[in-house]
Amino acid sequence: MEWWCAATEQAWDWTPRFYLGAWLFTLSLLSAYFLAWRRLAPPAFSEERRRRNRRKITAFVVGALVFHASVDWPIGTLGAGYLASVGMLRFILITLVVAPLLLKGTPVWLARRLLPEGRVRDTARMLARGLPAIVIFNTIALSTHAPAFADVLLASPVGAMAMDLSWLFGGLILWMPVLSPLPEVPRLSTPVAMAYLFAQSVLPTIPASFLTFAEYPLYSTFELAPRVGTIDPTLDQRNAGLIMKIVAGFILWGRIAFLWFRWAASQERPDEVTSPDLDFDELLDEEGMRPAPEVDR
Amino acid sequence: MTTRARPLALGLLALGLLLLAGCDAGATERLEAGEDGVFGVALEEPVAKPDVVLTDHHGEPFDLRAETDGELTLAFFGYASCPDICPVHMANLTSVFDRLPSTITDRINVLFVTTDPARDTPEALEVFMGSFDDDFVGLTGDLDDIVGLMTDLNLPRPVFEEPDDDGFYEVGHPAQVLAFLPDDDHAHYAYPWGTRQSDFTHDLRALVDGVAAARD
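Listed in order, the protein sequences are those of chains A and B. If you count the first sequence from 1, position 271 lands on 271 in my numbering, and the numbers rise without skipping. Numbering-wise, my numbering comes out as the position in the second sequence, counting from 1, plus 1000.
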């Protein structure tokens, strides 16, 4: 039993490995989430509200499970110690799939607890402006992919855990400007959000090129790992670069397309779609935050 | 620092500390080039190539000195059932050979000498060597001859673990690759476990013409 998936010199086989830290993290996250629903959630009076709650819970649970899959055997094991391409897949799952799902699954009342008024919320508001978020995320992404640093982190369970949690933290920051669960931390307008995501889809081109076109394996972790089948570490690294560019780009462009179609629909039928995110309006209504409609006296 | 910026700074500091916490266990250390520009670790005393005849993975006799005379020769001692270091070393050397031109690789011998001749028959070695470059040679023989060879090269003798329930056992063996240079047929450099493909490629280009060429 190990604490977290990290590089070992063990030969790869399909015997499951148990990572205590990964299980504790996921179970704690889900326990805290459901405890919050039980103790803090406002009552849901309408069927529509209950349906939306179920969607939020589903998003959060799926996010937590995808995170767990990313840090547990076999994906976590392969990605942390054997194959750079699977390592890149983990990075993309955690930052571009898990983080937005967790944000989508965070109800506004919980977000208010997690980001209390004052310094914390001010910081969140500052990060949600876009530029700080993209700078912080890419600083984390670049530093944790720098071979000298990545090889050291992956060599120990604590370092590998730190890497994964930094990716999760970075992913939450990256998506905050687009998916902020708090009305008090406003999201970017749709056109700006699209430009923001486009910029993020372009930035990884540089590190991805280094991985794709490097003549030699850059990471000693994967170069010196026992081979998985006959996969050559240079080819594996090339695949990692392609995954970084293509899969990440596909996810970000998918979100851009979603924003574009919804925005276009709102332009054509302004009466039907009034907000970039229906959840916001609904929550504002439900929690009495929308200014009361003026009534003729 | 403003009060607004402080939480962010503290958060980033915590994250940084968490990341640094991973630095307690080091990754494999990178070799550094010596004064002669070679990444391999220079042996204090070069060791002469032993005079021994073993059996190659095709079952043919292999006279070490005669077969490799005047050519850069890399020798690694391991065993075909090795789960980690042996196949990785050999696979990395195969990748290095794929990058080098045949004008260089034709003048380099790579020898894999088994430390477990009981299991590594010529047939078993042929299967193992089939995963690597076609020109690499697997060698087996009497355990006493192999241990004698290792002793001549100042290498520790193999250590055999107790077999498990399935009869599988691991064998402790030296992890370095020895490089015999063409000009004097002596081993001058050792490449420890962790040597990177780029370092091997650099050194093989330099050493294929001998010590003097490496120093130029």
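Rather than coming from a laboratory, the hints here were simulated on the basis of the structure. Mixed in with the good hints there might be a few duds.
Stated by the list, open to error - The following label-pair restraints were derived from C-beta to C-beta distances:
id, chain 1, residue 1, chain 2, residue 2, range
1, A, Phe34, B, Pro1192, 29 to 39 Å
2, A, Glu9, B, Ala1042, 36 to 46 Å
3, B, Trp1193, A, Leu235, 48 to 58 Å
4, B, Pro1192, A, Ala32, 43 to 53 Å
Unchecked claim - Chain B regions said to be covered by chain A (calculated; three or more residues, Cβ under 8 Å):
id, stretch
5, 1106 to 1120
6, 1127 to 1136
As the list claims (entries may be wrong) - Here are some chain B residues pointing at chain A (derived, C-beta under 10 Å):
id, residue
7, Arg1030
8, Ala1033
9, Arg1205
Glycine residues also receive a C-beta, built at the ideal position from the N, C-alpha and C atoms.
Cross-check of the supplied hints:
{"no.": "1", "hint": "A:Phe34 x B:Pro1192: 29 to 39 Å", "verdict": "51 Å, violated"}
{"no.": "2", "hint": "A:Glu9 x B:Ala1042: 36 to 46 Å", "verdict": "26 Å, violated"}
{"no.": "3", "hint": "B:Trp1193 x A:Leu235: 48 to 58 Å", "verdict": "22 Å, violated"}
{"no.": "4", "hint": "B:Pro1192 x A:Ala32: 43 to 53 Å", "verdict": "47 Å, holds"}
{"no.": "5", "hint": "1106 to 1120", "verdict": "violated (count 0)"}
{"no.": "6", "hint": "1127 to 1136", "verdict": "violated (count 1)"}
{"no.": "7", "hint": "Arg1030", "verdict": "7 Å, holds"}
{"no.": "8", "hint": "Ala1033", "verdict": "16 Å, violated"}
{"no.": "9", "hint": "Arg1205", "verdict": "13 Å, violated"}
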